[in-house]
Amino acid sequence: MSTTAEKPAAPDSEPGAAGRITVKGQPGTGRRTGKAGRVRRLTRRDKFILAIMVGVPTLIQLLLVWLPTLFSIALSFTRWNGLDLKDIKAAGTDNYRYVVQDYPPFWPAIQHNVLWLVFLALIATPLGLLLAVLLDQKIRGSKIYQSIFFTPVMLSLALIGIIWQLFYNRDSGLLNYLLGTAGTPQAVDWFGDSNVNIWAAMVAATWRHAGYVMILYLAGLKGVDPSLREAASIDGANAAQTFFRIVFPAMRPVNIVIVVITIIESLRAFDIVYVINRGTNGLELISALVIQNLIGEGQVIGVGSSLAVILLVVSLIPIVFYLIRTFGKESKA
Amino acid sequence: MAANLDPFQSAHNAGPGRRTILKTLGIGAAGLAGIPLLAACTGGSGPAPGATSNSLTFGSGSSDDVPKAAYKAVTDAFTKKSGIAVATNVVPHNDFQNKINSYLQGSPDDAFTWFAGYRMQYYAGKGLLAPVDDVWATIGSNFSDAMKKASTGPDGKMYLVPNYNYPWGFFYRKSFWAEKGYAVPKTFDELKTLATKMRSDGIIPIGFADKDGWPAMGTFDYINMRLNGYQFHVDLTAHKESWDQKKVSDVFDTWKALLPFQDPNALGQTWQDAAKALEAKKTGMYLLGSFVTQQFTDPAVLADIDFFPFPEIAVEGTDAVEAPIDGLLLSKKGGDNKAAHDFLAFMGSAEGQNAYSAVDGSNIATVKGADTSKFTPLNKKCADTIANAKYISQFLDRDALPAMANNVMIPALQSFIKDGTVDVKNLEAQAKTLYAAQ
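If you read the protein sequences in the order shown, they are chains W and Y.
Here this note's numbering is used: the first sequence runs in plain steps of one and ends on residue 333.
Here this note's numbering is used: the second sequence runs in plain steps of one and ends on residue 771.
It is worth saying that the hints were derived from the structure and are not from the lab.
Where a beta carbon is used, it is the ideal one built from N, C-alpha and C, also for glycine.
Be aware that a few hints might be false.
What the hints assert, rightly or not - Subject to a maximum C-alpha distance of 30 Å in a straight line, what follows is the list of computed DSSO-like cross-link-like pairs (lysine-lysine):
hint	chain 1	residue 1	chain 2	residue 2
1	W	Lys89	Y	Lys459
2	Y	Lys401	Y	Lys579
3	Y	Lys432	W	Lys89
4	W	Lys86	Y	Lys490
5	Y	Lys481	Y	Lys414
6	Y	Lys707	Y	Lys414
7	Y	Lys765	Y	Lys530
8	Y	Lys765	Y	Lys589
9	W	Lys86	Y	Lys525
10	Y	Lys573	W	Lys89
11	Y	Lys723	Y	Lys481
12	Y	Lys432	Y	Lys665
13	Y	Lys573	Y	Lys482
14	Y	Lys490	W	Lys89
15	W	Lys86	Y	Lys432
16	W	Lys86	Y	Lys579
17	Y	Lys671	Y	Lys701
18	Y	Lys525	Y	Lys765
19	W	Lys89	Y	Lys765
20	W	Lys89	Y	Lys665
21	Y	Lys525	Y	Lys615
22	W	Lys222	W	Lys143
23	Y	Lys758	W	Lys89
24	Y	Lys589	Y	Lys530
25	Y	Lys573	Y	Lys609
26	Y	Lys507	Y	Lys530
27	Y	Lys482	Y	Lys713
28	Y	Lys713	Y	Lys573
29	Y	Lys482	Y	Lys751
30	Y	Lys405	Y	Lys707
31	Y	Lys707	W	Lys86
32	Y	Lys665	W	Lys86
What the hints assert, rightly or not - Reference excerpt, derived from the structure (chain W facing chain Y, CB under 7 Å, subset only):
hint	residue
33	Pro105
34	Glu230
35	Gly302
Chain W extracted, bound-state conformation (with noise of 0.2 Å):
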């Protein structure tokens, strides 16, 4: 207890005031050099801290990102069973092999992981772009719409599965009833069938993101300064045109990040097709199977594995085009 009963006297380390006094007295290499005797750098205690705050962090970072990654790529060389490590044994790129070639469901998959980034990306963000500039008019009951348009986002895709099984179904949903063919045999099974349901849960995730996308131009268009709207109109811009040549490229950080979150969305997405029949039968996407192949008892973790680091390599595409952006703006200011 002694070490920290003497530390509140102990004026010594005290960054903020001793750094303006430093700036004030020494312009230039005052920091370093002239108070450098004065300002002891860091105590033991602070290190000690320091070494467990970015210790902590870096050893779970290295213990369950880091590792694991690792490990799977390994895996995804080798056949195991998962039983006993004396078990492993190589096997080349033949999992590879076996699910470009071999395993039916992968490219139907990777088709409906890029259709539900198309979709998203024109039909799911545009619309939540539509919903944020129509609310960000000064209209009547702004607040309410905004908050049911942001409900679905508080929901998990899980949750709205099932949900929207409700209209979906084919005897008792509302969509089947409303038009007309519930109970007949020309109801349309909307999560069965296999020519529409993937359609039918990208609308359902669509509820969902353009929710979220809504949510996030909302509070880019609170922060366009008003002032360019007003020159614009001054020069005599008509809505359309300030929008899409003004406001629209003045929210550039806020686009960036919507790319982003809509490709990851539709990489990530597995909760609503696992809920509605687990990924099978039409509703294929890459994630599905990764869990297919290495969770219960149809595990197969090397196939599971290299399913996982093709969805790896896939995700690691934006991410990097993230960061890029990201840090090459930073290096640049």
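Fit chain Y to the supplied structure of chain W, relying on the hints for placement.
Here is chain Y on its own, set in the frame of chain W:
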């Protein structure tokens, strides 16, 4: 200065907080042991209990209310009889099945609930189970040969003590068939004729549901066994026979003739939905296990339900019955516990199984001389069907490698239901890779 005091104080206060976080992390890490990868590293052998132990632990995947209560009745009766205490750990059945790998390698219970078939033999072959030949020496006469065969491991030793099973067959409503004048078909051709007639009567002849993927395996298994025989089913699912051969494509060709009569909405509904359709007389018959009767909560409907075996096609008549067996196994650790052996012997006695079936009547006790006084006519028919069967198969997902059944056959059967085609070459290619990985 007050403002400057705060950071230190809060740092001081953060002490326990940080420790709590670390502690939480520790718990989190322990929780992660559920991940097979990590569990594989920690798989140590627990302390071996003495041979004269007076207690045992029992892991149960029977988490639904009725079976759970039924197993409780068994353990209570056992404790009362022998004075040996049983600590039961009930795990939700899906979790139990999905985590079986890490469960058996970690610190499993002495005895646990499991299935017959490849699903049992696989773990026996890996040395994760303890043989119970000593138990079978006393209970052997209680069981039929088919049961004994189904309880044997790949090394010829006994591993399983069966508790109950349930036959698969075509279920139908007696009153509905009487009213329409339908007769039970004996051959596949008669089945098709009957189905044609039903269709012209405006009903879906054969109820069908495959949203969950596994129910369609029943149709595959039966056509396969009726065409190619029981042994071929066993060899095929154990991958001693190739999937890429005429015998397998014949199964699908034969099925194709039946497909137009099966409910076209199969892929969007669960077996519970299909059971309701049968109850509502929308479908004429429904091929499923006798657990389908759990859905008929109306006693009048339940009394109106009957079933017939899958009709004969080419070989062995209707000798083979698909009747998955559930029972008890001993983990490797449990093998050292005499009490656990005693418990399994109790499960293999009429006394033990009566205790179970008194609570859960939807299944058929496997032991000879079990109490049949409470049997409904349907129960009795189920029991007779199994007793008279020459061969008892365990269902594709119990007889085959789980990865083969779940990852390969489910998508393959679903796409077959969709468009009537299946690529047996691809099935074999996948089977080769998956079985090689074991």
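Hints, verified against the model:
A distance of roughly 16 Å separates the Cα atoms of Lys89 of chain W and Lys459 of chain Y; the hinted pair therefore holds under the 30 Å criterion. Only pairs whose Cα atoms come within 30 Å are accepted, and Lys401 of chain Y paired with Lys579 of chain Y is rejected, the gap being roughly 45 Å. Only pairs whose Cα atoms come within 30 Å are accepted, and Lys432 of chain Y paired with Lys89 of chain W is accepted, the gap being roughly 23 Å. At roughly 25 Å between alpha-carbon atoms, Lys86 of chain W and Lys490 of chain Y fall within 30 Å of each other, so this suggested pair holds.
The straight-line distance between the Cα atoms of Lys481 of chain Y and Lys414 of chain Y is roughly 26 Å, inside the 30 Å bound, and the hint therefore holds. Among the hinted pairs, Lys707 of chain Y with Lys414 of chain Y is consistent with the structure: their alpha-carbon atoms are about 23 Å apart, no more than 30 Å. A threshold of 30 Å between alpha carbons decides the hint, and for Lys765 of chain Y with Lys530 of chain Y the separation of about 43 Å lies outside it, so the pair is violated. Restraint check: the Cα-Cα separation between Lys765 of chain Y and Lys589 of chain Y comes to about 26 Å, which is no more than 30 Å; the hinted pair holds.
A distance of roughly 52 Å separates the Cα atoms of Lys86 of chain W and Lys525 of chain Y; the hinted pair therefore is violated under the 30 Å criterion. Only pairs whose Cα atoms come within 30 Å are accepted, and Lys573 of chain Y paired with Lys89 of chain W is accepted, the gap being roughly 22 Å. About 12 Å separates the Cα atoms of Lys723 of chain Y and Lys481 of chain Y, which keeps this hinted pair within 30 Å; it holds. For the given pair, Lys432 of chain Y sits about 17 Å from Lys665 of chain Y by alpha-carbon distance, which is consistent with the 30 Å threshold.
Between Lys573 of chain Y and Lys482 of chain Y, the direct Cα distance comes to roughly 18 Å. Compliance with the 30 Å bound is thereby established for this hinted pair. Between Lys490 of chain Y and Lys89 of chain W the CA atoms are separated by roughly 29 Å; this keeps the pair inside 30 Å, and the hint holds. For the proposed pair Lys86 of chain W and Lys432 of chain Y, the alpha carbon gap of about 20 Å is at most 30 Å, so the pair holds. As the CA atoms of Lys86 of chain W and Lys579 of chain Y are separated by approximately 38 Å, the hinted pair breaks the 30 Å bound.
Pair hint Lys671 of chain Y plus Lys701 of chain Y holds up; C-alpha atoms about 25 Å apart against a cutoff of 30 Å. Taken as a hint, the Lys525 of chain Y and Lys765 of chain Y pair is broken in the structure, with Cα atoms around 35 Å apart against an allowance of 30 Å. Restraint check: the Cα-Cα separation between Lys89 of chain W and Lys765 of chain Y comes to about 15 Å, which is no more than 30 Å; the hinted pair holds. Pair hint Lys89 of chain W plus Lys665 of chain Y holds up; C-alpha atoms about 25 Å apart against a cutoff of 30 Å.
Annotation: proposed proximity of Lys525 of chain Y to Lys615 of chain Y holds, straight-line Cα distance about 18 Å (limit 30 Å). For a cut-off of 30 Å, the pair hint linking Lys222 of chain W to Lys143 of chain W stands: about 14 Å separates their Cα positions. Annotation: proposed proximity of Lys758 of chain Y to Lys89 of chain W holds, straight-line Cα distance about 25 Å (limit 30 Å). With a C-alpha separation of about 18 Å, the suggested pair Lys589 of chain Y and Lys530 of chain Y falls inside the 30 Å cut-off, and the hint holds.
Note on Lys573 of chain Y and Lys609 of chain Y: the hinted pairing is violated, with a Cα-Cα distance of about 39 Å set against a maximum of 30 Å. Distance restraint check for Lys507 of chain Y and Lys530 of chain Y: the Cα-Cα separation of roughly 17 Å lies within the 30 Å cut-off, and the hinted pair is therefore satisfied. Restraint check for Lys482 of chain Y and Lys713 of chain Y: the C-alpha separation of about 23 Å stays at or below 30 Å, so the hint holds. Under the criterion of a C-alpha separation no larger than 30 Å, the hint pairing Lys713 of chain Y with Lys573 of chain Y is inconsistent with the structure, at around 36 Å.
A distance of roughly 37 Å separates the Cα atoms of Lys482 of chain Y and Lys751 of chain Y; the hinted pair therefore is violated under the 30 Å criterion. For the given pair, Lys405 of chain Y sits about 20 Å from Lys707 of chain Y by alpha-carbon distance, which is consistent with the 30 Å threshold. Straight-line distance between C-alpha atoms of Lys707 of chain Y and Lys86 of chain W comes to about 52 Å, which puts the hinted pair past the 30 Å bound. The hinted pair formed by Lys665 of chain Y and Lys86 of chain W meets the criterion: a straight-line CA distance of about 19 Å does not exceed 30 Å.
Contact between Pro105 of chain W and chain Y, as hinted, is supported at the beta carbon level, the nearest pair being about 5 Å apart and thus within 7 Å. Interface hint at Glu230 of chain W: violated, since its Cβ lies 41 Å from the closest Cβ of chain Y, which is beyond the 7 Å cut-off. With a cut of 7 Å, the hint placing Gly302 of chain W at the interface with chain Y holds, because the nearest CB-to-CB distance is about 6 Å.
Hints 2, 7, 9, 16, 18, 25, 28, 29, 31 and 34 from the list above are not met by this structure, while the remaining hints are.
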